[in-house]
Amino acid sequence: MAAEYQGRERILSRIRSAMETAAPAHPSAGEREIFAPIENPLERFHAECAANNTECFVLPDWAASASALGKLLAEIPEGEIFVQDAPSLRRAIAGLPESRAIRWSSEGRLSESSPAAVTLARALVAETGSVLVSTTCGGRAASVAAPVHIVLAETGQLAADLGTALEGIRRDGELFANSSFSLITGSSRTADIEKILVLGAHGPGRLIVLLSEQSE
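The sequence shown lines up with residues 1 to 216 when you count with this note's numbering.
Bear in mind the hints are in silico, worked out from the structure with no lab data behind them.
Accuracy of the hints is not assured; some may be wrong.
[Claimed, not checked] Per label pair, the in silico range of CB-to-CB distance: (1) R16 x G163: 21 to 27 Å; (2) P37 x R16: 40 to 46 Å; (3) W104 x L42: 27 to 33 Å; (4) E167 x S13: 56 to 62 Å; (5) D192 x T21: 16 to 22 Å; (6) M19 x I193: 33 to 39 Å; (7) I102 x E55: 31 to 37 Å; (8) E98 x G173: 37 to 43 Å; (9) R100 x L42: 16 to 22 Å; (10) R170 x A22: 22 to 28 Å; (11) E55 x S179: 47 to 53 Å; (12) G95 x E43: 44 to 50 Å.
For glycine and all other residues, C-beta sits at the position ideal for the given N, C-alpha and C.
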């Protein structure tokens, strides 16, 4: 026991001695540039989307986005389309054929058989080509359960990096008003099994962003 006690004291003595010497100061992350600044967020976002297998279409205004949405949904297999219940999306799909079944997020959760989900983005991260959505888009399943996820957004929602995007959400008082946020970077993929790439393994096989250059 005495030997164990002496060993403990030697260790503590070394710790006390080390604590008497101040550690060298290192510049914080805020004092040095880690990544080069993004001069053109739209150009960077579009390039990252291409690398991430995200289908990104830059359109002049919301009318063009609505038209593009209608064409995309016409190509989607039959089934109930899940749509976030938001005024802008109500207007965007007003021209769809009445025969097309729609389930608004206010009417219940997304069905497992739904071929597509349509939501709004809360923010876009140019640095990684990511789309940030919250649970207000129709719950957590809205961005992961359907084979196709179509997101409508505006260029004004572009943030250079994730920190800037989250700061904007915090500033608007939304950070703690939602149960979760999802950061989506490209379509779902995995190569865990025999290194064979499989799309849609853990979420949508297609992620489509309709990006309007003007506000709705």
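Hint check:
In this structure the hint that R16 and G163 lie 21 to 27 Å apart at CB is violated, the actual value being about 39 Å. Here the CB-CB span from P37 to R16 is close to 45 Å, well matched to the stated 40 to 46 Å. At about 30 Å, the CB distance of W104 to L42 agrees with the hint of 27 to 33 Å. Distance hint check for E167 and S13: the Cβ-Cβ separation is about 46 Å, which falls outside the suggested range of 56 to 62 Å.
Checking the proposed 16 to 22 Å range against D192 and T21 shows it is violated: the Cβ atoms sit about 47 Å from each other. At roughly 51 Å, the beta carbons of M19 and I193 sit outside the given window of 33 to 39 Å. The hinted range of 31 to 37 Å is not satisfied by I102 and E55, whose Cβ atoms lie roughly 22 Å apart. Our hint of 37 to 43 Å for E98 and G173 holds, since their Cβ atoms are close to 38 Å apart.
Range check, R100 to L42: about 31 Å between beta-carbon atoms, so the 16 to 22 Å window is missed. The hint said 22 to 28 Å for the Cβ distance between R170 and A22, and at roughly 34 Å that hint is violated. For the hinted restraint 47 to 53 Å between E55 and S179, the CB-CB distance of approximately 28 Å leaves it violated. At about 31 Å, the CB distance of G95 to E43 disagrees with the hint of 44 to 50 Å.
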